[in-house]
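**Student:** Sequence:
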Amino acid sequence: MRGGLDRIVLRGLALGVAVLMPLAFALDPPDGDLTRLGGFAENRFGPTAPQAIFVPPLAEAARPGASYDVLVFGDGFSRPGAEERHAPHGRYWTDHLRNLTGLTVGVQPADAPPLSASLSAYLASPDFRERPPRTLVLQLSERDLRERVGSLELSTVTAARPHKAADPAPIAAQPLDRSPRPLQRARAQVWDPPPVGHALDLLVKALPRAVLNMVDGPVEERTLAYAGLFSSAAATTTLFHAEDFRPWRTDRRLLEDRRAGLHAIQDAVEANGVTRFLLLVAPDKGTVYADFLLAPPPHRSAVDEVLSADPTLRTVPLASGLTALAAGGVRDLYAPNGSRWGLEGQLYAARTVARTLERMGVLTAADRSPNVAILPCRPTQPDCPPYRTRTD
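Numbering-wise, the sequence shown is residues 1 to 392 according to UniProt numbering.
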């Protein structure tokens, strides 16, 4: 009896290996947070267009004792997320912001420990008292606003502004004009060890969806009304967090409560009279692409509208601009295999933050004139510099 059971187990293992190994060799390595979470193939949803990466990175993980012009408390939109341990730095809006302006940029994780605890600890630290940044950017994901944003007690975390202290002079923009390298997504290679664990994880998550038609998981594949929005092989569908389409985003009372909590954080940050606060809420992918779906969701996010309704809260609205870029044919604003920005989304966020810092008086306007000859010159001759388009 025992021998028969052993043979059944061995045959089952052999069958599993026979299925897993070819699949593992064929699968591209996991890259996107949505393909990993939902059990979807990178071969189908991974971007084919190259991304961009600065080597070495221009923004850095904030170090104790270091001084920064801009300190960012951010999640996976601003730095590799907790689930992206092996993701490279150097491809985020924070890097592009430094390249466009010359400002030094440090990035702190905002997703662990709890935001209110990490912010309170920083505002009470010697670093903030002795080396305050000119701007503290709080970057949140839109879905984070479903939960209450912890407020800070102004009197316990930072010193009050000195009486009649003058506003610091704006920082002169000094663009670095570095050129990022193209970054291609990793592909399956016959000489590389196959990601067997990834193949097994994909099978466990994909089989219920394929066999039992179970579509109530954390990731949804939705059909697009227009092709060409993404560079992936899946030209007419893309992936979303299921959370992107929840109706709480239209609850104005809830959003006004979140706005009040964020305003309390702004008051605490700016009490020293030196640091300016800037809120950057990264729109969820479903918010930006809602009108491009074949079956549009019944609800539209009111997050940007409610936050912008308070003119005293310094925030960077991004959703409408990103939607307009998508309507204009810009591909991969968000990664087709993930929930966060692709190259074009990162660039747009960096440019918008730079313009906002100029309006706030933190940064002097950079010269955006094209690099062309001012005096008449003879085309094709050495005294006529070639026209070069500036993208900032």
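Worth double-checking, as some hints may not be accurate.
[As the list claims (entries may be wrong)] Have a look at the derived ranges for each label pair, beta carbon to beta carbon:
1) 324 / 360: 40 to 46 Å
2) 257 / 88: 36 to 42 Å
3) 184 / 247: 21 to 27 Å
4) 361 / 223: 43 to 49 Å
5) 168 / 223: 49 to 55 Å
6) 223 / 184: 34 to 40 Å
7) 178 / 252: 39 to 45 Å
8) 226 / 126: 35 to 41 Å
For the record, the hints were derived by calculation from the structure and aren't laboratory data. Ideal Cβ positions, reconstructed from N, Cα and C, are used throughout, including at glycine.
**Student:** Take the hints in turn and mark each one as holding or not.
**Tutor:** Hints and how they fare:
In this structure, residue 324 and residue 360 break the distance hint of 40 to 46 Å, their C-beta atoms being roughly 23 Å apart. As the Cβ distance of residue 257 to residue 88 is approximately 38 Å, the hint placing it in 36 to 42 Å holds. For the pair residue 184 and residue 247, the beta carbons lie near 39 Å from each other, so the given range of 21 to 27 Å is not met. Between residue 361 and residue 223 the C-beta distance comes to about 46 Å, which sits within the given range of 43 to 49 Å.
For the hinted restraint 49 to 55 Å between residue 168 and residue 223, the CB-CB distance of approximately 51 Å keeps it satisfied. The hinted range of 34 to 40 Å is not satisfied by residue 223 and residue 184, whose Cβ atoms lie roughly 27 Å apart. Between residue 178 and residue 252 the beta carbons are some 43 Å apart, a value that agrees with the proposed interval 39 to 45 Å. Between residue 226 and residue 126 the CB atoms are about 53 Å apart, so this pair departs from the stated range of 35 to 41 Å.
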